[in-house]
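Peer 1: Below are the chains, spelled out letter by letter.
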Amino acid sequence: MIRTDVIIIGGGSTGCGIARDLALRGIPHCLIEKGDFAAGATGACHGLLHSGGRYAVNDPEAAAECIAENMILRKIGKKCVEQTGGLFVRLPGDSKRFRDTFLKKCEEVGIATEELSPSRALDLVPTLNPSLEEAIRVPDCSIDPFRLCMLNITSSQKRGGQILTHHKVTEIIKEHGRCVGVKAREEATSDCKEIRGKVIINATGAWGDQVAHLAGGSVPITLSKGSLVVTNHRITNMVINRLRPASDGDIVVPNEAVCLAGTTSIPVTDPDRIGVDPAEVDIIATQAQEMLPGFGATRLIRTYAGVRPLLKADGGDGRAISRGFRIIDHQDGLFSILGGKLTTYRLMAEQMTDRVMEVFGRKTRCRTAELSLEGQEELSGYPLSNRLKTLEGIVCECELVTADTVERVAGQVGARHIGDIQHRTRLGMGPCQGGFCTYRALGIMQEMGKMTPEESMRMLREFLQRRFKGIKPALWGDQLREEQLVEYIYLGILNMEQVQ
Amino acid sequence: MNAVYDVVIIGGGMSGMMAAVTLAGKGRKVAVISKGDPVCCFSTGCIDLLATGGDPLEGIGTLPDNHPYHLVGKDAVAKALELFRGIMSEEGVPYVGDVHANRGVLTSLGRRKTTCLVPETMEFSDFDPDEYIHVISFHKMKDFYPQYITSRYPNAGHSIFDPGVITTPGIAEKFENRPFLESFLSWLGGLDIPEGRIALPAVLGKSLAGDVYREVSAGCGRKVFEIPTLPPSISGLRLFGGMKNALLRRGIDLYWGRGIYSVEKLGNRIEAVTLTSQGRATRVEGTAFILATGSFVSGGLQASMDTVTETIFDLSAYLPGGREGWFNDDFFAPGHEIEKAGIRVDASFRPVDTEIENLYVCGSILAFSEVMKYRCGHGMAIATGVAAAEACGGLAQ
Chain A
1 MIRTDVIIIG
11 GGSTGCGIAR
21 DLALRGIPHC
31 LIEKGDFAAG
41 ATGACHGLLH
51 SGGRYAVNDP
61 EAAAECIAEN
71 MILRKIGKKC
81 VEQTGGLFVR
91 LPGDSKRFRD
101 TFLKKCEEVG
111 IATEELSPSR
121 ALDLVPTLNP
131 SLEEAIRVPD
141 CSIDPFRLCM
151 LNITSSQKRG
161 GQILTHHKVT
171 EIIKEHGRCV
181 GVKAREEATS
191 DCKEIRGKVI
201 INATGAWGDQ
211 VAHLAGGSVP
221 ITLSKGSLVV
231 TNHRITNMVI
241 NRLRPASDGD
251 IVVPNEAVCL
261 AGTTSIPVTD
271 PDRIGVDPAE
281 VDIIATQAQE
291 MLPGFGATRL
301 IRTYAGVRPL
311 LKADGGDGRA
321 ISRGFRIIDH
331 QDGLFSILGG
341 KLTTYRLMAE
351 QMTDRVMEVF
361 GRKTRCRTAE
371 LSLEGQEELS
381 GYPLSNRLKT
391 LEGIVCECEL
401 VTADTVERVA
411 GQVGARHIGD
421 IQHRTRLGMG
431 PCQGGFCTYR
441 ALGIMQEMGK
451 MTPEESMRML
461 REFLQRRFKG
471 IKPALWGDQL
481 REEQLVEYIY
491 LGILNMEQVQ
Chain B
1 MNAVYDVVII
11 GGGMSGMMAA
21 VTLAGKGRKV
31 AVISKGDPVC
41 CFSTGCIDLL
51 ATGGDPLEGI
61 GTLPDNHPYH
71 LVGKDAVAKA
81 LELFRGIMSE
91 EGVPYVGDVH
101 ANRGVLTSLG
111 RRKTTCLVPE
121 TMEFSDFDPD
131 EYIHVISFHK
141 MKDFYPQYIT
151 SRYPNAGHSI
161 FDPGVITTPG
171 IAEKFENRPF
181 LESFLSWLGG
191 LDIPEGRIAL
201 PAVLGKSLAG
211 DVYREVSAGC
221 GRKVFEIPTL
231 PPSISGLRLF
241 GGMKNALLRR
251 GIDLYWGRGI
261 YSVEKLGNRI
271 EAVTLTSQGR
281 ATRVEGTAFI
291 LATGSFVSGG
301 LQASMDTVTE
311 TIFDLSAYLP
321 GGREGWFNDD
331 FFAPGHEIEK
341 AGIRVDASFR
351 PVDTEIENLY
361 VCGSILAFSE
371 VMKYRCGHGM
381 AIATGVAAAE
391 ACGGLAQ
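Residue numbers (the numbering used here), protein chains in the order written: chain A, 1 to 500; chain B, 1 to 397.
Treat the hints loosely; a few may be bogus.
Pairs of lysine-lysine, DSBU-like flavour, derived with a Cα cap of 30 Å [claimed, not checked]: (1) Lys142(B) to Lys469(A); (2) Lys79(A) to Lys142(B); (3) Lys26(B) to Lys79(B).
Rough simulated footprint, nothing fancy, chain A against chain B, three-plus residues with beta-carbon under 8 Å [what the hints assert, rightly or not]: (4) 106-119; (5) 134-141; (6) 228-241; (7) 317-328.
I should point out that these hints are in silico values taken from the structure, not numbers from a laboratory.
Yeah, the Cβ is synthetic: ideal placement off N, Cα and C, and Gly gets one too.
Construct the complete structure from the given sequences, taking the supplied hints into account.
Peer 2: See the structure below:
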């Protein structure tokens, strides 16, 4: 049995942020995550560190939070935040009145804007639609959610925080009407662990209601699926937003070697059963094409979908609901933290941790906004070409990941799955989407004794299925060529499908 | 520059190269235009005829009526494969096998791949699972992990040699260096290996496969075989190298690394194509043209969000329904519907739905070929390449 003070359920940005905050305030804690870090909405988002511009008109409160956090994160997380800057682009036909409101609201909430002429905007991003009317520059950034989670966890681990990934909470233990602990089952071994704590925090995002149910409670969230597509290169070096009310496919974000374009907003009920519909891809591609005319001819290498856990409001669709967050005290030792965004994860963690401190009657103040994220010295940072300095033994040619890095990360606690390696190194996230390097990384992990050849073969199979599921909705053009090649390799040269 | 040929072949893959050799054998003046090195460079180098438990040649009879093999006919398929073997023997890359019997080759994942003709370096790959095999791997080689094999064959051993480089082509090149080969052989000789076969990834020389392979076999006095690896696949490169040499030996003009810039038509005939060029334009004129540009992977077909086009002559391509139906959900399910896409041809390999009279089509761009589903890639390419050449031979006279 593990005894601790605070049990955090959920290893997304919120849960990892709370773990860091608790660690810095000296509170013992244990984080339990059913998959790997950033496996839910955190890892399936746009990777956009919002300036707040997107919400300024309709949700000024969320916008104000975004710009404040944006300024903090770019300071504390230099190696996971790329300061790309962003543009809001107004195309012919887009409302000028919206633009006026946008500028006014941005000023009100404190988002710095700069009005750019079409030619100035085209100087900055030559791939923009040349018929644009104007562009407004905002301090948007690109953020790597996987690294962000790992860096937050580093602070926790350094101070004795216990981290259980690939452990699913199956039960919340209640005694005399109070939540006193949880039971968690390890994915690989099915071993059950009991963890006892004084406070339990439900930071499971889209799974929030399921977890609250384990303690007999519920939470007012509504689930909205957002789908995105990944391009094979950086079609823009700045974040591109459409200057109009938020709608489908109106943001393109550069992220390391690729760009992420999206999103959509579709109500869903089960966060474990989501997929990308080819029609969504068509919408995103068409919309992105309007802002960046080259988009249509760009190879789309992957699609993915995440589920936004939004606060339930009266009426309104997914886009109209506030991006704000709320903490719910279930009055039995369980707290749920709901809503919010990746951009405001730190603020959410701070307020949640403040509540915990109240419970414990302690006064240590939050320092997560002042201290840089720990563990960044190991990262190469931006731009990607920094990684070219270590050219020896590269196994992932797209993202420049070396065999040594794979070995080092595989040696870290908790790294058991190919996904663990991919999230921590970006292996397989580039243009070939792991077509070549996954086989290599699994081979290396297997040689290290991290897994048996059978396990690594099973993971390769699962990886290829998952990869195909992600690629299928956008499979045409040059990506179909690439896909046929990958098929020739795994089904032809390696003859993988025959189960013998 | 203007050049005039009897037959101009567009596409330098297996089908285009076999068509070229066939026509050259009939005394025709032939050109082959290719945008780059073909997909066979990525292949195992083995010739898949048809993956079936029984006689693969007879198995052709069980394929759907619209499969391109039926246009060739069993006897002609067998003859085409013999022609291929003859060519490759001449080039020093002999193939073994029998068109009436499939055989297995061991893959880098320890699976058995069903194929028909194999390069001599893989002759002994079809071993009895009870027999001892000793796998030689190379230190830090990034595309070969012997545990995938040894874990499946309890009766297998494993040793690691350090070649000083980690890529497949890098190691293969080292094997062409005499002192390196000798140090490898002396290391191998010093190992205490139980009686059985020796397996190693396909790195025994980039081009001099036969020589290095025979020397290693003789040096250790055992049955040795190579295991095909991920691209860049050395055994695939040897197949391509052998074929390309055969073309050069026959005086066939190769326009390599050149795309088609424009097509000239006169009435119902194609007169010439102009090639993309860094310098002066090259115009290539022909009496007949053969289209052998391959499927999607090779760029012969191009899919957009909702349609499929043929990239050189804009021929109408057969399309299996809308995009939702192109793929199975299961990556490993045999054959996605999109594999049926391609050019439909008549009995003499001329595209239907076009007025053009002097154009022939062969290889995996043919509709209904479904090479992954039936595992018939190189076999179908060789057979239809030869057959399309036979069909256009008369016209080009």
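Peer 1: Could you run down the list of hints and mark each one as holding or not?
Peer 2: We went through each hint and held it up to the structure:
For the proposed pair Lys142(B) and Lys469(A), the alpha carbon gap of about 27 Å is at most 30 Å, so the pair holds. Annotation: proposed proximity of Lys79(A) to Lys142(B) holds, straight-line Cα distance about 29 Å (limit 30 Å). Of the supplied pair hints, the one linking Lys26(B) and Lys79(B) holds, its CA atoms being roughly 16 Å apart against a limit of 30 Å. For a cut-off of 8 Å, the count of residues in the region 106-119 of chain B with a CB near a CB of chain A stands at 8, and the three-residue condition holds.
Look at the region 134-141 of chain B against chain A: 1 of its residues bring a Cβ nearer than 8 Å to a Cβ of that chain, fewer than three, so the hint is violated. Coverage of the region 228-241 of chain B by chain A holds in this model, with 5 residues showing a Cβ closer than 8 Å to a Cβ of that chain against a need of three. For the region 317-328 of chain B, the stated coverage by chain A holds: 4 residues have a C-beta nearer than 8 Å to a C-beta of that chain, and at least 3 were required.
Hint 5 alone, counting from the list given before, is not met by this structure.
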